[in-house]
Amino acid sequence: MTKVRAHLRRTPVGVAIVAGFFVLGLIGPWIAPYDPLAIDLLHEYESPSWTHLLGTGDNGIDILSALLHGARLAAIVGIVVVGVSVVLGTLLGTWAGYAGRFADHIITGVADLVQAFPAIVLNIAVLALVARPGLVHLIVALAVNGWVLYARLARAETLSLREREFVEAARALGVPTHEVLRRHVIPNLLGPLVIQATTGLGVVILAESTLSFLGLGPGKAVSWGALLDQGTSVLLRFPHVALFSGGAIALTVLGFNLTGDWLRDRLDPRLR
Amino acid sequence: MVRMMSPGLLRYLVGRLVRALLTVIGLVTIVFLLVRLIPGDPVEAILGDQAGPEEKAELRRALNLDRPVGEQYLSFLGDMADGSMGTSFRRPDRSVWSMMRDVLPYTIVLALAALLVAWFVAIPLGAIAAANAGRGWDKVASTLAVAGLAIPNIWLGPLLILAFGVKLGWLPLPGDDLGGPKALILPAITIGTALAAVLTRQTRAAMIEVLAQQYIIAARARGVPRVPLLLRHALRNALLPVMTIGAAQLGALLSGTVVTEKIFERQGLGTLFLDAFFSRDIPVVQGCVLVIAVIYVAVNLAVDLAYGVVDPRVRLS
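Residue numbers (our numbering), protein chains in the order written: chain Y, 1 to 272; chain E, 1001 to 1317.
None of these hints come from the bench; they were simulated from the model. A few of these clues could be false.
Below, a sample of chain E positions facing chain Y; criterion: calculated Cβ distance under 7 Å [stated by the list, open to error]: (1) I1030; (2) A1150; (3) I1151; (4) I1154; (5) L1160; (6) L1162; (7) A1163; (8) F1164; (9) V1289.
What you are looking at is a predicted structure, and each value in this text was computed from that prediction instead of being measured. Backbone N, C-alpha and C fix where the C-beta goes; we use that ideal spot for every residue, glycine too.
Chain Y extracted, bound-state conformation:
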């Protein structure tokens, strides 16, 4: 017991926040005290009380319940977008770095162009082309520029790995290219990619909140950003809605940033 406590005491704050976020994302909708869409017009915009711990919002919805459901949406969007971006980026980046020449020029060129657009502006432009943006569209829009960071990272690491002795040795022994990539190159990319993906999760969750805040999120889902948007429109009279929903977003982003820094210190041997 003391051992567990000692271990917990050494757990960084960021990791604790991230763990809490994922646990709530998983079980949040089951422990939520109310249906987050239940309308209760008699109790609209009430301050926090024992019946509604974080108060109520638009149409009398329970803020705590809405935040717990929103955690699941944020977690799903974050995991799927980062997952797709990491896989796509790693494949393209490794290809560009290993094959060089033509493939490299094309992939690097497209990555440069995508990065010339501010991320949120490109996301909005993609969503504008869909009649009724839903969860899938949101994920696609975020992945359109999500892959670039991972592709750059994978390319840079592959370029240096390609010249290392163990990769040259494998090539000299006649190991086929796909086998060299699978057994010798990609496993060595994982460390830096995991660090990048951790910070990336925070970035994607913030982007989802921002798009929902602007009113471009998936229509029916309960989202932190949409809640913050409602809160902002009644800010002067009922500030608690914006305070709690924005606080949830800020705390989660902070958690992922701190965890990313912590992982970098632990995993990146160059920093030791």
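With chain Y held as given, fit chain E onto it using these hints.
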């Protein structure tokens, strides 16, 4: 002027200009392809499900979507090149550029104000942190930087309104008075905070590097007092990279205006962009995306060129 330039500098400037031009052509192409590549029918997105086939065919004609892709691309390039950037769907009497021109100044002023906020916060804070590296003030500055990076602008805006608009009553609330410089303060802080956090770290790192140089140690040995040493000898040399990195972020600041203009109910490019989104005015959406991206490229080009002129080492890389 040209005669004064060395061949190396001239080659650098021309090469950089050509690359920027190619980038812009690439951006135009991507914005064009976006409409054609995203699965789903833009005509349906604009009109909704209820529209009849005739209505759809008419819009398709108006959008040039009934013509071959090559022809569409050429006419799109033509619209970009003649400066009109096409015609708005919702307001067929207006060219896209004329609609943007009306609101662009508000947005550029806001982005510049945000850049000033970032510089004014980051440079003193980073310098103080570096001068006291490892001690109390350094920790305060780095904590502020972490907080500044983590706080989302969609939350910071409402918080600032609550604190300075509602509780203290020092600054106008959204929609109060739109013209005055006072109304610019809170939106500029909302956009500039994240950049201020980044620049604080960079100022600190640059200052620490400069403070370890021989000439600083020599100046200290000669008995130059602490404050002039920090300001005149160290900060001046640490400043150039920080200023240019900040300026290169102007494009990123422009995208922050989309959110901030909504929070503070200001007019500008961001508001035009969002309105165009909700009314599915695709040419205006395309125009806004392109203008923001081209400003971003142009600012980076200007920073690179200035750097190339000032620092000969840059031309070689």
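Status of each hint after checking the structure:
{"no.": "1", "hint": "I1030", "in the structure": "holds (6 Å)"}
{"no.": "2", "hint": "A1150", "in the structure": "holds (4 Å)"}
{"no.": "3", "hint": "I1151", "in the structure": "holds (5 Å)"}
{"no.": "4", "hint": "I1154", "in the structure": "holds (5 Å)"}
{"no.": "5", "hint": "L1160", "in the structure": "violated (11 Å)"}
{"no.": "6", "hint": "L1162", "in the structure": "holds (5 Å)"}
{"no.": "7", "hint": "A1163", "in the structure": "violated (10 Å)"}
{"no.": "8", "hint": "F1164", "in the structure": "violated (13 Å)"}
{"no.": "9", "hint": "V1289", "in the structure": "holds (5 Å)"}
This entry does not satisfy hints 5, 7 and 8, going by the numbered hints stated previously.
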